[in-house]
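Residue numbers (UniProt numbering), protein chains in the order written: chain Y, 1 to 385; chain D, 1 to 385; chain X, 1 to 385; chain Z, 1 to 385.
Everything labelled a hint here was simulated from the structure, so no lab data went into it.
All values derive from a computational prediction rather than experimental measurement.
Some hints here could point you the wrong way.
Now the stretches of chain Y that chain X is said to cover, found in silico as 3 or more residues with beta-carbon under 8 angstroms [to be verified]:
#1 7–15
#2 209–221
#3 254–260
#4 283–293
#5 364–372
On the chain X side, residues computed to face chain D include the following (Cβ under 10 angstroms) [stated by the list, open to error]:
#6 L5
#7 K174
#8 L286
#9 L287
#10 V288
#11 K289
#12 D292
#13 P294
#14 A295
#15 E296
#16 W298
#17 G302
#18 G303
#19 Y304
Note that the Cβ used here is the ideal one computed from N, Cα and C, for glycine as well.
Number of protein chains: 4
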Amino acid sequence: MSDKLRLGMIGGGQGAFIGAVHRIAAQVDGAYELVCGAFSSNPEKSKASGLELGLQPERVYTSYNELFEKELQLPENERVQVISIVTPNHVHFEPAKLALEKGFHVVLDKPMTFTLEEALELRKVAEASGKRFCLTHTYTGYPMVKEARQVVASGKLGKIRKVYVEYPQGWLSKFEEGGDNKQASWRTDPSKSGKAGAMGDIGTHAFNLAEYVSGLSVTKLCADLNIVVEGRQLDDDGAVLLKFDNGASGVLMATQIAAGEENNVKIRVYGEHGGVEWQQSDENTLLVKWLDKPAEIWRTGGGYVSSYAQHNTRTPAGHPEGYLEAFANLYRNFALCVKADLAGEEPKAEWLDYPGVEEGVRGMAFIENVIASGRSEQKWINFSL
Amino acid sequence: MSDKLRLGMIGGGQGAFIGAVHRIAAQVDGAYELVCGAFSSNPEKSKASGLELGLQPERVYTSYNELFEKELQLPENERVQVISIVTPNHVHFEPAKLALEKGFHVVLDKPMTFTLEEALELRKVAEASGKRFCLTHTYTGYPMVKEARQVVASGKLGKIRKVYVEYPQGWLSKFEEGGDNKQASWRTDPSKSGKAGAMGDIGTHAFNLAEYVSGLSVTKLCADLNIVVEGRQLDDDGAVLLKFDNGASGVLMATQIAAGEENNVKIRVYGEHGGVEWQQSDENTLLVKWLDKPAEIWRTGGGYVSSYAQHNTRTPAGHPEGYLEAFANLYRNFALCVKADLAGEEPKAEWLDYPGVEEGVRGMAFIENVIASGRSEQKWINFSL
Amino acid sequence: MSDKLRLGMIGGGQGAFIGAVHRIAAQVDGAYELVCGAFSSNPEKSKASGLELGLQPERVYTSYNELFEKELQLPENERVQVISIVTPNHVHFEPAKLALEKGFHVVLDKPMTFTLEEALELRKVAEASGKRFCLTHTYTGYPMVKEARQVVASGKLGKIRKVYVEYPQGWLSKFEEGGDNKQASWRTDPSKSGKAGAMGDIGTHAFNLAEYVSGLSVTKLCADLNIVVEGRQLDDDGAVLLKFDNGASGVLMATQIAAGEENNVKIRVYGEHGGVEWQQSDENTLLVKWLDKPAEIWRTGGGYVSSYAQHNTRTPAGHPEGYLEAFANLYRNFALCVKADLAGEEPKAEWLDYPGVEEGVRGMAFIENVIASGRSEQKWINFSL
Amino acid sequence: MSDKLRLGMIGGGQGAFIGAVHRIAAQVDGAYELVCGAFSSNPEKSKASGLELGLQPERVYTSYNELFEKELQLPENERVQVISIVTPNHVHFEPAKLALEKGFHVVLDKPMTFTLEEALELRKVAEASGKRFCLTHTYTGYPMVKEARQVVASGKLGKIRKVYVEYPQGWLSKFEEGGDNKQASWRTDPSKSGKAGAMGDIGTHAFNLAEYVSGLSVTKLCADLNIVVEGRQLDDDGAVLLKFDNGASGVLMATQIAAGEENNVKIRVYGEHGGVEWQQSDENTLLVKWLDKPAEIWRTGGGYVSSYAQHNTRTPAGHPEGYLEAFANLYRNFALCVKADLAGEEPKAEWLDYPGVEEGVRGMAFIENVIASGRSEQKWINFSL
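Next comes chain Y alone, as it looks inside the complex (with noise of 0.2 angstroms):
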């Protein structure tokens, strides 16, 4: 008898990127067994899908009301017990809620909702639940990042005074949408996407590395969102002066239109004694740069590391941990969260440092705000919920 968490999908079928990513997360580790899915609104996609995934036809659905009905009529020892949620922005809350509502973990792709209001709402329901939920900003599964909040946390580096953080891409550099390129499509589609385009998309991912790393809050923030691309419908790049609960304050740079930039998010966050820096292009190292001595190079697998980066970490020294093992940490450790819970024992720290609904609504309020201070001719807007 496996001891693997039955998993179950709505979205990501043929062809979606996202999806795919999710399934290999919560496989690397062998935690999960995708069990059953919903995996487009498309019944035939959806079948062709599963069946592709090597799942059983019957546990294959064709919408997300039918894989609940349907597995809350199997006993419980085989019914699904964690739902990924990995469709587009419009498509999170309503499956995202029903599945807590009778009584399934949740892991939900970002940003968590449509609309702040959602997120709000769905908060409520999964405090209510007494479910697991778990938001997949996976760029704080990275063993470097979560070493980056601990140098942070122990104090080394005194009180925190300045943030820098950026995600520049360039693939939305020409009018992409409306053609095959269905990522480009929807992503700049504000009845699937939201309110925000790059901001919706890769600023919640800075934003929310800015908050984790630094331990802070944003209180106040002042945008410059631009629509460079002719056409374009959402915000495809802005930057953002912001300020924090302990007043530090920081930039954060989102751009879309960043022709030959990949996908380096970056972040620095600066204290009185020195500073940390990381970014994905050089995703094992942690720079860590003191006032009055030399900066020093801290690497996964490193014997000087805290728990929470060994923990999170599968291969020695120098051997990369990439961008998928990043997101099955997000996996793993929910996973540890949840078997914790079905044994009746207490997590361990390391486990949940996941993120989930606090950074959901925090991310769907920066959408909100942020949106809100870019057509503001004010400089400042305080960041509200």
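Keeping the supplied structure of chain Y fixed, place chains D, X and Z upon it in accordance with the hints.
Coordinates of chains D, X and Z only, in the frame set by chain Y:
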């Protein structure tokens, strides 16, 4: 009915690094289902390991002989199909030979065998068996290593003239063996590791990488092998001058006493018009250098890379594919070939691009020759099989 | 009879960092001979400095007024020709104005003056004088910064859309002023430095670099300026959102409290088809990135670079040209222009590529505008002269 | 009365790369005044070069014999004091010997002489002369190379075990000699360059760097030397296995046919507890790696570096000191020592840290031995003087 290949594992019980790596590599793409194993020569430990992995107790065996015997009694559509062998070097030959003879496909950790004689014998067995055989020279699974080979093969660099390959490690800088460090203990023990220490463990990887990327074969070599740490029985450091079959020359450096180094295996190959450079610490970059124009940064996921690199990539450019993905590429390509065989189809060239018996035999010949050269007072010795 | 230009210096006495830098920069190419100076407002110190520099005692003056007066009494072929002014900001305007009015060419350290009014006045004086004027925005002297400008100007990147420029320092992370740290003391003192701290000292460099490389002009800005270190009188940190005259947007970050940072000024400019990236820590590399092909590593000394980069390079590719060479390029180009003037010849375009009064005026306008914006509650303010 | 040392130059006429480099290096710190020269064996060219450099016509000579003769007739306080010799290798010995014998200090470009015999003779002459002698192994002038030596010498790394040094170039990838490429022509001509090509030109630099940083002496070597480009007369590629006097081993790689490489000389030295790594492409960084803690990034200008690095630095951290500054450090230290001698003072240890006759003799011995080894079928040959 899942179309996953049924995988069995020999070795790789609790606490074994490389066994866990193989399991993850097999799981990443969902192409295998682990169904049985003989995880340790210690029956208790084998059982415990198998249960932890969620196997059915009756398919956790106490020896590979038992595994073969019992599995052959199962109906063909339940029986294990692929055997992963992840034992120390002295327990490679026999289970691999048996597995092939009994009709299983084999994935074997490197180096292939304990001696060259065994390797030559195993090649015969493999060829006679009609079964597939993969030797896990992981580094050739990286998309950008594959791309390096393709750039060379395209002729763009002209005739190849120089190859530098290096694998610096520092983890054996002290006398680690004999204590708790199981890895150190068996890898430095000639009764388990074979004739060579560093040259067998990492020199063979460097050698394989040099031949793979350059498309050339070593014909002569001149080795300086050292036992640096007092009390050690096998070489922990060495450098080898190389000659290739087209007249090119090379240098191979492998050491385990470069204190402070992790696993930054690196290769540079130069031809008449330019060169390629890859290193594991920047695993998704291939530098392509030119005599008369700017060097270029080729990246995993770039739209301009070959079908070989593309086929071995899972995520968009900038989301790093790491060591486990490289390892998974071996397992995935192996599975694609096995499935093509089962379906009576021709595997694609990209799928066939995994290391096999030939690479295994050459790796063992490298060990034999490099040890002989290390002991010789003559400068060059011929690379003989 | 040497054809070296006769150089005099105002400021830059013993212990002054920037004075020594100017002297080296002038000496590197042997185009100048230091013949006189008023090195300090302290007569003793001026004398001692001049003697240490090997000047004739009678040409070491105790004030710039004395310098001008006495030098004008010398025969024209002995008299100083070029005056370098390396005093703190509040002693820029008067000696520069006098020097120009009295017929000397002027090299002036940045920022140009103490106030924008002075800068506008100095521009008039300079234009009326017919003499040459150079403002030492050093970073535009780097070969690869010049190349960046040429790549943008060539149109290869298409219309420019985004500019990121940053100048992070950490040296003012503590309260350094008032003690022995002379640099810290005057640069944080509004009576010597002017209205701005970090924005005047390094923000102006970043601003100049942004306009130089992009070929664009800032039209609007929105600044967040901070005094981070308690007790400090001027901004030591800031971030500025920018709008350019072609509709592009940008972000400028300048800070002196990023503990652990040195002087890694960095610029990235993106157009429709690609981008350029340069940073001082890798000063001889220009990354040229493309939307649809591999990024390229353009290097100082490469055979493919423009005449601008070539002209400003002394050594073969791979022998790094550093900060002093960049600085020397300003002096060398200035000398070539002065000598061409003297010879009645037309200076080449490559020689004329040094920063002058226009850059000086815009730099002072940047200071005025950025300070105004920092105090404003309105988001955007127009960049006004 | 200037206290600059009076410098004369032999060789280095118009168009000669290294002559210009020497002149800049001497000028950077204002410690020398070029007063005379015999710039070319072609009298016209010598005159033209001297005039262009602003020398008095009567001190531009047509041969070094004339230079010595005429300068000795000048009063001692006008006479040249230091002779820079920047001719091709076959014209090193005689002018250097004469200069020393006639009472001048000598700065000589490397390699020291045409043959080892000449080098041994020149050492005697130099020692007998009581004059100072500097051999311009430029790379040891970099602050971070000096720091590397200091870190090793401090014992922090423990006993040194391994040295990797490499100097890859690509500029001789084609047959360049015999045409307009003057550099290529003499450097590949045995009648001007000597017994060795790449090994003499850049191998000696690598060798010097290895001994300088490690503080060790090579005792045995095993060389693979190649003439890769058809028609070439001297080695353009080679790799050398090394043994050092403390038992450490090493690898030296020097090539001129690594197409696409510039001049990225690099050294790594490992001891029991850690290692140091420096390369010219990141010239102001010294990586200091440790067995059990994070690697450190030591930087030129850092407050924590040794007095040796500090003494050889002109600008604050982050303002790169390049190749010319490294070269200038040799000239500056040489000048400080000569001036100390003149003043009857003891030079500081930091000033004495420039390469001299001993390094020159060992470099020539390296050439002799490496060529002998390249031709030998025996693995190791002793490093003999």
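The hints, checked one at a time:
1. 7–15: The restraint on the stretch 7–15 of chain Y is violated, since only 0 of its residues have a Cβ under 8 angstroms from chain X and three are required.
2. 209–221: That given contact is violated, which follows from only 0 residues of the stretch 209–221 of chain Y lying within Cβ reach (below 8 angstroms) of chain X.
3. 254–260: With 5 residues close enough to chain X, the hint holds.
4. 283–293: holds (count 3)
5. 364–372: Answer violated; 0 residues pass the 8 angstroms Cβ test.
6. L5: 36 angstroms, violated
7. K174: 32 angstroms, violated
8. L286: The hint holds - X/L286 has a Cβ within 10 angstroms of chain D, the shortest such distance being about 9 angstroms.
9. L287: 8 angstroms, holds
10. V288: 7 angstroms, holds
11. K289: 9 angstroms, holds
12. D292: This interface hint holds because 6 angstroms falls under the 10 angstroms limit.
13. P294: 4 angstroms, holds
14. A295: Check passed: Cβ of X/A295 comes within 4 angstroms of chain D, closer than 10 angstroms.
15. E296: Where the cut-off is 10 angstroms and the nearest Cβ of chain D is about 4 angstroms from X/E296, the hint holds.
16. W298: Holds: closest Cβ of chain D sits about 5 angstroms from X/W298, inside 10 angstroms.
17. G302: At about 6 angstroms, which falls below the 10 angstroms cut-off, the nearest Cβ of chain D leaves the hint on X/G302 intact, so it holds.
18. G303: X/G303 check passes; min Cβ-Cβ to chain D is 6 angstroms, inside 10 angstroms.
19. Y304: 6 angstroms, holds
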